[in-house]
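Based on the provided sequences and hints, a complete structural model is requested.
Counting with mature numbering (1 follows the signal peptide of the UniProt record, and there is no 0), you get residues -19 to -1, 1 to 170 for the letters of the sequence shown.
Treat the hints with care, as some may be off.
What the hints assert, rightly or not - Label pairs and their computed distance ranges (CB to CB): (1) Thr(-5) with Leu67: 41 to 49 Å; (2) Asp111 with Val138: 40 to 48 Å; (3) Asp111 with Leu67: 44 to 52 Å; (4) Val138 with Leu110: 19 to 27 Å; (5) Val127 with Gly39: 24 to 32 Å.
Note that these hints are calculated values from the structure, not bench results.
All residues carry an ideal CB built from backbone N, CA and C; glycine is no exception.
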Amino acid sequence: MSPLSIALLSLAMSTDAFAAAVGKGMALEHPHWREALRTGAIFGAIEGTTPLIGWALGLAAADYVKAWDHWIAFVLLLGLGGHMVLNGLRPSESQAADKPARHGFWVLALTGLATSMDAMVVGAGLAILDVPILPVAFAIGCTTLVAVTLGVMAGRVFGRAAGGRAEIVGGLVLAGIGTAILFEHLSAG
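Printed below as a string of structure tokens:
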């Protein structure tokens, strides 16, 4: 696999994570670079690990993973997005005061896992093609780290523009990503 192919694949695998990170950044109270890097590292580690898992499963499980990846991503992202929307709809005296300074590890890990299911399928496909997986997985993880870090910081800007209802917008973004993943896979089949 050429370096250009690896770079393009890495960019493609990180787009869902970038969009989810924008939503996560919008839901935070003025996120800083440290939180953006933390979020990027969690997403990057997961996004870089899932192709390894897919590759290890190989041909035998590729059809099973491919058959369910879109449903898993849909349920996780819809659930997380719905939770964010409900939190945003709760009445409060000061909506900004209710925004967390950071997201919990497990919330980020579940979101990262939901946006990386396609990378698992790619890993299984690369096993079939006998492509060395380590450089590809490393590139996907690093690209996702950068994309998510930038996404959280972009969410910071969009969050200010959205005002007190940024968590609702962020939740809708996550639910929309999950729905788009499901629609894309169902319409392709």
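Flag every earlier hint the structure violates by its number, smallest first.
Structure breaks hints 1, 4.
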